[in-house]
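> Sequence:
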Amino acid sequence: MSFNPLIERIANTQNPTVVGLDPRLEYIPEFIKESAFDELGRTLSGVSRAFHNFNMAIIDAICDIVPAVKPQSAFYEALGAEGILALQATCDYATARGMYVILDGKRNDIGSTAEGYAEAYLGKVAIDGEEFQPWQVNALTVNGYLGTDGIVPFVKACDKHDKGIFVLVKTSNPSSGELQDKLIGDKSVYEIMGELTAKWGNESIGKYGYSAVGAVVGATYPAQIAELRKKLPATFFLIPGYGAQGGTAADLKAAFDGNGLGGIVNSSRGVICAYKQEQCDERDFAGAARRECLRMRDDLMSEIGSINLP
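If you count by my numbering, then the sequence shown holds residues 181 to 490, one letter each, in order.
Hints are computed from structural coordinates only; laboratory data are not their basis.
Glycine is no exception: its CB is placed at the ideal position from the N, C-alpha and C atoms.
One thing to keep in mind: the hints can contain errors.
[Claimed, not checked] Taking lysine to any residue pairs in the SDA-like style, the calculated list, with each CA pair at most 25 Å apart, reads:
hint	residue 1	residue 2
1	K411	E358
2	K286	F211
3	K336	A300
4	K410	G327
5	K456	F211
6	K213	A261
7	K387	N184
8	K367	S356
9	K411	G485
10	K387	G440
11	K367	D342
12	K456	R477
13	K362	G309
14	K213	Q252
15	K433	D478
16	K387	N488
17	K340	G309
18	K411	D437
19	K367	K387
20	K387	L363
21	K456	G440
22	K336	K367
23	K411	L363
24	K362	T351
25	K304	E383
[Claimed, not checked] Ranges between beta-carbon positions, derived for each pair:
hint	residue 1	residue 2	range
26	R449	G357	22 to 28 Å
27	E383	A403	49 to 55 Å
28	I307	G357	43 to 49 Å
29	K410	A254	41 to 47 Å
30	A403	L474	25 to 31 Å
31	E358	Q313	34 to 40 Å
32	E383	L326	16 to 22 Å
Please work from the sequences and hints to get the whole structure.
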């Protein structure tokens with residue numbers, strides 16, 4: 181139970197990045213939208229088909245150089261049932277192409293509801309003695325602010341199904357400090373959440389030294405990244421906020437250990453909208469996404485040096 185498969189993918193690709201598949205209709209090239217609309221109309225089904233076709237092309241373009249993708253569930257849920265099907269198909273397709281899939285769902289609750297979320301996204305559902313896996317997902321983002329009884333069901337699912345979770349610790353948004361930076365005694369809330377995250381992962385340390393309970397730590401707060409890395413040596417970081425939100429490679433260097441391991445850096449708009457930034461032919465959107473992934477990899481590796489499995 182750990183992030184071993186993700187760490188191995190990162191080392192094999194020499195690339196500590198994850199692409200956020202967070203589509204909006206305005207991000208989709210016109211020719212993809214029109215093709216989907218011609219088939220299914222200007223409907224929720226049409227938009228969902230456009231999202232899926234867009235995602236498949238991005239995945240095909242990057243699957244050999246990027247270890248993971250991270251679909252954000254909200255963009256798909258906005259389209260109702262059809263959007264959920266597009267999300268599920270995207271996860272299935274990324275898995276088939278050999279990518280590690282992190283579902284950004286930020287789920288949490290307590291008791292049987294938490295168990296339901298955990299088994300739905302990380303495990304299997306039993307029906308009359310036969311098990312089914314609803315989601316091809318390797319890891320899930322979760323909110324730890326309900327405390328231990330809201331996390332234990334997810335940890336148990338990780339243990340049972342060899343999956344991982346990322347707990348929100350210090351998030352990248354500007355207002356995160358309104359709560360997360362507040363002091364309880366002489367410790368910040370995010371520091372306490374980091375300590376809890378480490379405790380929740382104590383029994384799941386993998387062969388590369390990291391547990392199955394990771395932390396979301398924003399690239400926009402480099403001092404906190406450095407602080408948390410020192411205090412949480414066995415906690416793997418999911419790092420949003422690079423690029424469009426202002427985080428730089430230099431800001432993130434402290435997240436990584438001496439082997440170049442310890443975190444995976446997310447970029448969403450920067451990759452999937454790269455063709456707009458390049459102002460290239462929209463039919464080359466996937467090529468632009470690949471070029472941006474290579475640029476991002478090289479930028480990060482210029483600071484990290486190399487990635488080696490211990």
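> Evaluate each hint against the coordinates.
These are the hints, each one checked on the structure:
1. A hinted pair counts as satisfied when its Cα atoms are at most 25 Å apart, and K411 with E358 qualifies at roughly 22 Å.
2. Between K286 and F211, the direct Cα distance comes to roughly 33 Å. Violation of the 25 Å bound is thereby established for this hinted pair.
3. Distance restraint check for K336 and A300: the Cα-Cα separation of roughly 13 Å lies within the 25 Å cut-off, and the hinted pair is therefore satisfied.
4. A hinted pair counts as satisfied when its Cα atoms are at most 25 Å apart, and K410 with G327 qualifies at roughly 23 Å.
5. With a C-alpha separation of about 14 Å, the suggested pair K456 and F211 falls inside the 25 Å cut-off, and the hint holds.
6. For the suggested pair K213 and A261, the alpha carbons sit about 19 Å apart, so the restraint of at most 25 Å is met.
7. This hinted pair checks out: K387 and N184 have alpha carbons roughly 7 Å apart, not beyond 25 Å.
8. The straight-line distance between the Cα atoms of K367 and S356 is roughly 16 Å, inside the 25 Å bound, and the hint therefore holds.
9. With a C-alpha separation of about 23 Å, the suggested pair K411 and G485 falls inside the 25 Å cut-off, and the hint holds.
10. The hinted pair formed by K387 and G440 meets the criterion: a straight-line CA distance of about 16 Å does not exceed 25 Å.
11. The suggested pairing of K367 with D342 is violated, with an alpha-carbon distance near 33 Å, which exceeds 25 Å.
12. Pair hint K456 plus R477 holds up; C-alpha atoms about 20 Å apart against a cutoff of 25 Å.
13. Between K362 and G309 the alpha-carbon distance is near 48 Å, which puts this suggested pair outside the 25 Å criterion.
14. Taken as a hint, the K213 and Q252 pair is honoured in the structure, with Cα atoms around 20 Å apart against an allowance of 25 Å.
15. Restraint check for K433 and D478: the C-alpha separation of about 13 Å stays at or below 25 Å, so the hint holds.
16. For the hint linking K387 to N488, the alpha-carbon distance of about 13 Å falls within 25 Å, and the restraint holds.
17. For the suggested pair K340 and G309, the alpha carbons sit about 17 Å apart, so the restraint of at most 25 Å is met.
18. Distance restraint check for K411 and D437: the Cα-Cα separation of roughly 12 Å lies within the 25 Å cut-off, and the hinted pair is therefore satisfied.
19. Proximity of K367 to K387 is assessed by CA-CA distance (about 31 Å); at most 25 Å being required, the pair is judged violated.
20. With a CA separation close to 35 Å, the supplied pair K387 and L363 exceeds the 25 Å bound.
21. With a C-alpha separation of about 32 Å, the suggested pairing of K456 with G440 is violated against the 25 Å cut-off.
22. In summary, the hint linking K336 to K367 is not supported, as the alpha carbons are separated by about 28 Å, beyond the 25 Å threshold.
23. Distance restraint check for K411 and L363: the Cα-Cα separation of roughly 17 Å lies within the 25 Å cut-off, and the hinted pair is therefore satisfied.
24. At most 25 Å may separate the alpha-carbon atoms for a hinted pair to count; K362 and T351 meet this at roughly 14 Å.
25. With a C-alpha separation of about 22 Å, the suggested pairing of K304 with E383 holds against the 25 Å cut-off.
26. In this structure the hint that R449 and G357 lie 22 to 28 Å apart at CB holds, the actual value being about 23 Å.
27. Restraint check, E383 to A403: a C-beta distance of roughly 30 Å breaks the suggested window 49 to 55 Å.
28. Hint check: I307 to G357, Cβ distance near 45 Å, so the stated range 43 to 49 Å holds.
29. For the pair K410 and A254, the supplied restraint of 41 to 47 Å is violated, since their beta-carbon distance comes to about 33 Å.
30. Checked against the hint of 25 to 31 Å, the C-beta distance between A403 and L474 comes to roughly 29 Å, which is consistent with it.
31. As the Cβ distance of E358 to Q313 is approximately 38 Å, the hint placing it in 34 to 40 Å holds.
32. The given range of 16 to 22 Å is respected by E383 and L326, whose C-beta atoms sit roughly 20 Å from each other.
The structure does not agree with the numbered hints 2, 11, 13, 19, 20, 21, 22, 27 and 29 stated previously, though it agrees with the rest.
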